[in-house]
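*Asks:* Protein chains in written order, with numbering that gives the first Met the number 0: chain Y, 0 to 341; chain D, 0 to 699.
Don't read these hints as lab results, they were simulated from the structure.
Glycine included, C-beta positions come from ideal geometry on N, C-alpha and C.
Among the hints, a few may not be true.
The calculated lysine to any residue pairs, modelled on SDA-like cross-linking and capped at a C-alpha distance of 25 Å, are [claimed, not checked]: (1) D/Lys360 x Y/Phe236; (2) Y/Lys192 x D/Asp555; (3) D/Lys384 x D/Gly507; (4) D/Lys466 x Y/Phe236; (5) D/Lys491 x Y/Ala121; (6) D/Lys238 x Y/Lys192; (7) D/Lys93 x D/Lys360; (8) Y/Lys192 x D/Arg390; (9) D/Lys367 x Y/Gly124; (10) D/Lys238 x Y/Gly310; (11) D/Lys500 x D/Leu486; (12) D/Lys367 x Y/Glu301; (13) D/Lys491 x Y/Phe236; (14) D/Lys588 x D/Gly391; (15) Y/Lys99 x D/Ile510; (16) D/Lys424 x Y/His203; (17) Y/Lys274 x D/His49; (18) D/Lys271 x D/Lys491; (19) D/Lys588 x Y/Gly130; (20) Y/Lys192 x D/Arg374; (21) D/Lys424 x Y/Lys86; (22) Y/Lys86 x D/Gly507; (23) Y/Lys182 x D/Arg374; (24) D/Lys551 x D/Lys360; (25) D/Lys500 x D/Arg420; (26) D/Lys576 x Y/Glu329; (27) D/Lys466 x Y/Gly310; (28) Y/Lys318 x Y/Asp197.
Residues of chain Y clear of chain D, computed beta-carbon distances all greater than 10 Å [unchecked claim]: (29) Gly33; (30) Phe59; (31) Ile119; (32) Arg243; (33) Glu253.
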Amino acid sequence: MDEKAKKLISEARKSIESVMNLLELEEIRVKYLGKKGELTQALRSLGEYSEDERPIVGRFLNEARETVRDMIETRRGTIAAIELENKLKAEDLDITLPGKRPSIGARHPVSVVYEELERIFAHLGFEVLEGPDVELDYNNFEALNVPRNHPSRDIQDTFYITDDIVLRTHTTCVDTRIMKNRKPPIRAIIPGKVYRSDASDPSHLPVFHQLDGLVVDEGVTFGDVKGVLARFAHEFFGPDTDVRFRPSYFPFTEPSAEMDVSCVICHGSGCRLCKQTGWLEILGSGLLHPRVLREVGYDPEEVSGLAFGMGIDRVTMLKYGIDDIRLLAENDMAFNRQFIHA
Amino acid sequence: MLVPYRWLSQYVPGLPPPGDVADALTLSGTACESLTGEGEDAVFDFEITHDRADCVNIFGIAREAAAVFGLELKHPDLCVNEEGPAVDELVTVKVISPDLCRRYVARVVTEVTIGPSPEWMQKRLIACGIRPVNNVVDITNYVMLELGQPLHAFDLDRVPDGAIAVRRARNGESLITIDGELRELSEDMLVIANKTSPVAIAGIMGGADTEVEESTTQVLLEAAAFDSVSVWRAQRALKMRTEASIRFSRGVWPENARLGVDRAAMLMANLKVGKVAVGRIDEYPGLEAPVHIRLRPARVNRLLGITIPQDEMELILMRLGFILDEWNQDSCRVLVPNHRMDVVQEEDLVEEIARIYGYDKIPTTIPKGAPPEIRLNPERRFASKAGEILRGSGLTEVDTMTFTSEAACCELRLSEEDIERRKVKISNPISSEHTMLRTTLLVSLVDVLRRNASRQRDDVAIYEIGKVFHRRDAEEDNKEQDRESALPCERKMIGLAIMGKLTEPTWGNQIEDADFFHMKGIIETLLEGLGISRYSFRKATHPTLHPGRTAKVVVDGEAVGYFGEIHPEVSGALGLKKTAYLAELDGEKLLHSMPEDIGVRQLPRFPAVTRDIAVVVQRDVESKRVEDRIWEAGAGLVESVNLFDVYVGPQVPPEHKSLAYSITYRSLDRTLTDEEVGEVHGKIVESLTSEVGAIIRSQD
Ligand SMILES: [Zn+2]
Numbered sequence: 000m001d002e003k004a005k006k007l008i009s010e011a012r013k014s015i016e017s018v019m020n021l022l023e024l025e026e027i028r029v030k031y032l033g034k035k036g037e038l039t040q041a042l043r044s045l046g047e048y049s050e051d052e053r054p055i056v057g058r059f060l061n062e063a064r065e066t067v068r069d070m071i072e073t074r075r076g077t078i079a080a081i082e083l084e085n086k087l088k089a090e091d092l093d094i095t096l097p098g099k100r101p102s103i104g105a106r107h108p109v110s111v112v113y114e115e116l117e118r119i120f121a122h123l124g125f126e127v128l129e130g131p132d133v134e135l136d137y138n139n140f141e142a143l144n145v146p147r148n149h150p151s152r153d154i155q156d157t158f159y160i161t162d163d164i165v166l167r168t169h170t171t172c173v174d175t176r177i178m179k180n181r182k183p184p185i186r187a188i189i190p191g192k193v194y195r196s197d198a199s200d201p202s203h204l205p206v207f208h209q210l211d212g213l214v215v216d217e218g219v220t221f222g223d224v225k226g227v228l229a230r231f232a233h234e235f236f237g238p239d240t241d242v243r244f245r246p247s248y249f250p251f252t253e254p255s256a257e258m259d260v261s262c263v264i265c266h267g268s269g270c271r272l273c274k275q276t277g278w279l280e281i282l283g284s285g286l287l288h289p290r291v292l293r294e295v296g297y298d299p300e301e302v303s304g305l306a307f308g309m310g311i312d313r314v315t316m317l318k319y320g321i322d323d324i325r326l327l328a329e330n331d332m333a334f335n336r337q338f339i340h341a
Numbered sequence: 000m001l002v003p004y005r006w007l008s009q010y011v012p013g014l015p016p017p018g019d020v021a022d023a024l025t026l027s028g029t030a031c032e033s034l035t036g037e038g039e040d041a042v043f044d045f046e047i048t049h050d051r052a053d054c055v056n057i058f059g060i061a062r063e064a065a066a067v068f069g070l071e072l073k074h075p076d077l078c079v080n081e082e083g084p085a086v087d088e089l090v091t092v093k094v095i096s097p098d099l100c101r102r103y104v105a106r107v108v109t110e111v112t113i114g115p116s117p118e119w120m121q122k123r124l125i126a127c128g129i130r131p132v133n134n135v136v137d138i139t140n141y142v143m144l145e146l147g148q149p150l151h152a153f154d155l156d157r158v159p160d161g162a163i164a165v166r167r168a169r170n171g172e173s174l175i176t177i178d179g180e181l182r183e184l185s186e187d188m189l190v191i192a193n194k195t196s197p198v199a200i201a202g203i204m205g206g207a208d209t210e211v212e213e214s215t216t217q218v219l220l221e222a223a224a225f226d227s228v229s230v231w232r233a234q235r236a237l238k239m240r241t242e243a244s245i246r247f248s249r250g251v252w253p254e255n256a257r258l259g260v261d262r263a264a265m266l267m268a269n270l271k272v273g274k275v276a277v278g279r280i281d282e283y284p285g286l287e288a289p290v291h292i293r294l295r296p297a298r299v300n301r302l303l304g305i306t307i308p309q310d311e312m313e314l315i316l317m318r319l320g321f322i323l324d325e326w327n328q329d330s331c332r333v334l335v336p337n338h339r340m341d342v343v344q345e346e347d348l349v350e351e352i353a354r355i356y357g358y359d360k361i362p363t364t365i366p367k368g369a370p371p372e373i374r375l376n377p378e379r380r381f382a383s384k385a386g387e388i389l390r391g392s393g394l395t396e397v398d399t400m401t402f403t404s405e406a407a408c409c410e411l412r413l414s415e416e417d418i419e420r421r422k423v424k425i426s427n428p429i430s431s432e433h434t435m436l437r438t439t440l441l442v443s444l445v446d447v448l449r450r451n452a453s454r455q456r457d458d459v460a461i462y463e464i465g466k467v468f469h470r471r472d473a474e475e476d477n478k479e480q481d482r483e484s485a486l487p488c489e490r491k492m493i494g495l496a497i498m499g500k501l502t503e504p505t506w507g508n509q510i511e512d513a514d515f516f517h518m519k520g521i522i523e524t525l526l527e528g529l530g531i532s533r534y535s536f537r538k539a540t541h542p543t544l545h546p547g548r549t550a551k552v553v554v555d556g557e558a559v560g561y562f563g564e565i566h567p568e569v570s571g572a573l574g575l576k577k578t579a580y581l582a583e584l585d586g587e588k589l590l591h592s593m594p595e596d597i598g599v600r601q602l603p604r605f606p607a608v609t610r611d612i613a614v615v616v617q618r619d620v621e622s623k624r625v626e627d628r629i630w631e632a633g634a635g636l637v638e639s640v641n642l643f644d645v646y647v648g649p650q651v652p653p654e655h656k657s658l659a660y661s662i663t664y665r666s667l668d669r670t671l672t673d674e675e676v677g678e679v680h681g682k683i684v685e686s687l688t689s690e691v692g693a694i695i696r697s698q699d
């Protein structure tokens, strides 16, 4: 008996392990464990054994049943896993087909640059203030030490609305408004559109963008002008950027300085962009002219101030390698949508 | 300004090579724009800042170079070989308008032989961009380039009795200038006149009649200090810009007139152009005391943020021609040289010291005081948030010029009367497309649509956050004091435009062109994203939009904007291939409607029950009316109402539509029973039937 059962179990193991699908496995189950299965039959024919043998054989056959059942269940799990895997494999996708995208809009490069500048100057404690585009001649010129009917008006070609009202030629005109409404300490940057009666060409537009800066406090120095602007240049153009300051002239600052940064293309060795000088003119700056301070009711002996102003379109063009300013105003989707990741 | 190196180095012996000069002058404020040629033949192109009128000449640059390099400055030879009669026997000069002429200096050259100037002089003129004419004219130009003093040479034989008057033009007077043009003169222009009529427009151009010619035998050389503002205005009025008028407009200093006339006379004599009469005419009504400034070295250092020793400051200023005296404990008196018209106060000296000392040697610092309490700008935050939401909805930002024109506004079907009433007109436009400021963002947005459509880009979704401008209504009582009230009203608006497909069509994904409800959905998303929940839409009209497909957006009972389908006429005029939808929302109103904080509601703890209902109503019943009834009859148990289908077709009677809603019921404090839900649902059905005449098509 022992031999026969062992053989039965080993046969069953062999066929269970070789079976590859659930249908055949079921056939095997029926063959051994079904109503007419071999083990079931064997159990039924226990009567053929003697009283003494019967419990031993019975226990043995029951154990064999259990063993075969376990083997079948284990195998069933394995086959199910394999079948699922095969089924899923058959459901595979061409994952190189294009994705179904929700659409996303792009930002205008000028506003990308504005936001970056606002962030840089926020770290230095500057708040953002704005003023009107249509401005009193007084705020745009007279309060900034550019008298009426004066040859110095030739510096900026101006759009007039009336004799007293202009389209602002710089956002510096907001300085006057801020200083008249506040007491030092003041640290502000002023973004906005500005206007000059220039015809459009690759480097001019009649409407463009500026960012002005203003600091007024006791003891503001020319060294602070350099420090604030060098910090900006390093954050914006990269830490390896060289900066230089040259004396210049603006009616509302004294001393005045122009800031150059090392050329973004050639890094100083000279190229077409920098006209072989290795330097790019970026902004004008200086200490506020005492006449400007007096005009807003400050005492130049008590407080001093610094001011700077830069053209944002130019800075944007340098940052992204744009060679024609008109692209910034055209809003051709093929251009604007290149800034999706900016 | 072009400056030949060879000419420059004549006044500064030992001048370093051109490259070094260019660098050093650039860093001290005389920017070298370009340097062409090599060695002795090099030519600089300097850009002179507007304040430095004294530098618009070779000698002025030499003065700068000498100061920067600490070299000796060699002055031009002014020793005139005089012979013949005294000048006042030949001419008389009367300055009748001393307010416009601070000084008038003249010399006379007799026995003149007109011919070419020497080759070296012609070469220098050409190098500086001036065409040689004859010896007399060339010498006047040469001296102007050399010293910055404009000179004029008159044919003295053409001036009766040699009588010269410097006076304002009389109304109605005119003059044919050297260029052959007839110039109408006015009272605010200064002229040089003979006994009866003008012979030159002071500081701008001489008259043809007294022009030096082959036949000229006597020349009157004029060097004057005319008022810069008056020459500037005359130059603008006459639309004439000459080498002389440019220099007079920037400013000349009276001392230079004598140097200029002597230098020219010296050259006339030495180059044998003629005999220089003895002496010079010198009318100097505008003699002013020299400028003195008190300088406090401590203040210089305080403003610069550095410690420059006092003796170094002294040295720098002396090299620039300033004279320092009257020292006391902490200050001294500084005498400003007469050519430095730009230096009038202590701060100007601060710049002089700093620029020669070297801007690069001043340490870089960060402002010391504590930064002021920073106030976040709510408008910037609003704009950045709105932009984020709109980009998330697929719209790309545009930035357009704020200009437009009446014609462009008319194209949008805006009424001429309305444009006229609101427009801010530019008084000196440079283009017929830019004659006024925009009164609506639509005009800029459609311009972008048009440009893109013309380049085969017909699927466009854009937004702009920008200003529009309206003239303020003329107030009845003119408040003279308040100049601000004359400024136009500026508002920041959010403009939206969509046209064509909003997303790229891909495989297995049918994408339709955007319609009215896409635009409405974008606006709803924007409002929700800004935290504005109390909004509604009402039918409206707008001249640019389709009369049946336009809505206004209402927040808290106030209209904050409008949107709709572009009027087919406008679309046709613009040449758009696909239908565009436009919107304009008032950014300031939206900003003020935004909630300050987010209040978090408790999460629901009891289950919800959803019931669907489809009702048939007449076509003109607005779905909003049906929805409002549902909410009202829902007795506070309705959590959400979602319109999931709108059907028009054979299943419903003509002129009717079916609206299918999914209504979610929930209570915050208990689990709703079927009976409770049934009761509320029944009330809703009843209300819809009785109040909007709905027929219930189906319900579950
Ligand atoms: Zn370069």
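*Asks:* Could you run down the list of hints and mark each one as holding or not?
*Replies:* Do the hints match the structure? See the list:
no. : hint                : in the structure
1   : D/Lys360 x Y/Phe236 : holds, 23 Å
2   : Y/Lys192 x D/Asp555 : violated, 32 Å
3   : D/Lys384 x D/Gly507 : violated, 34 Å
4   : D/Lys466 x Y/Phe236 : violated, 30 Å
5   : D/Lys491 x Y/Ala121 : holds, 23 Å
6   : D/Lys238 x Y/Lys192 : violated, 30 Å
7   : D/Lys93 x D/Lys360  : violated, 53 Å
8   : Y/Lys192 x D/Arg390 : holds, 22 Å
9   : D/Lys367 x Y/Gly124 : holds, 12 Å
10  : D/Lys238 x Y/Gly310 : violated, 30 Å
11  : D/Lys500 x D/Leu486 : violated, 41 Å
12  : D/Lys367 x Y/Glu301 : holds, 15 Å
13  : D/Lys491 x Y/Phe236 : violated, 31 Å
14  : D/Lys588 x D/Gly391 : holds, 22 Å
15  : Y/Lys99 x D/Ile510  : holds, 11 Å
16  : D/Lys424 x Y/His203 : holds, 22 Å
17  : Y/Lys274 x D/His49  : holds, 23 Å
18  : D/Lys271 x D/Lys491 : violated, 72 Å
19  : D/Lys588 x Y/Gly130 : holds, 18 Å
20  : Y/Lys192 x D/Arg374 : holds, 22 Å
21  : D/Lys424 x Y/Lys86  : violated, 73 Å
22  : Y/Lys86 x D/Gly507  : holds, 24 Å
23  : Y/Lys182 x D/Arg374 : holds, 15 Å
24  : D/Lys551 x D/Lys360 : violated, 62 Å
25  : D/Lys500 x D/Arg420 : violated, 37 Å
26  : D/Lys576 x Y/Glu329 : holds, 20 Å
27  : D/Lys466 x Y/Gly310 : holds, 19 Å
28  : Y/Lys318 x Y/Asp197 : holds, 24 Å
29  : Gly33               : holds, 47 Å
30  : Phe59               : holds, 57 Å
31  : Ile119              : holds, 13 Å
32  : Arg243              : violated, 7 Å
33  : Glu253              : violated, 4 Å
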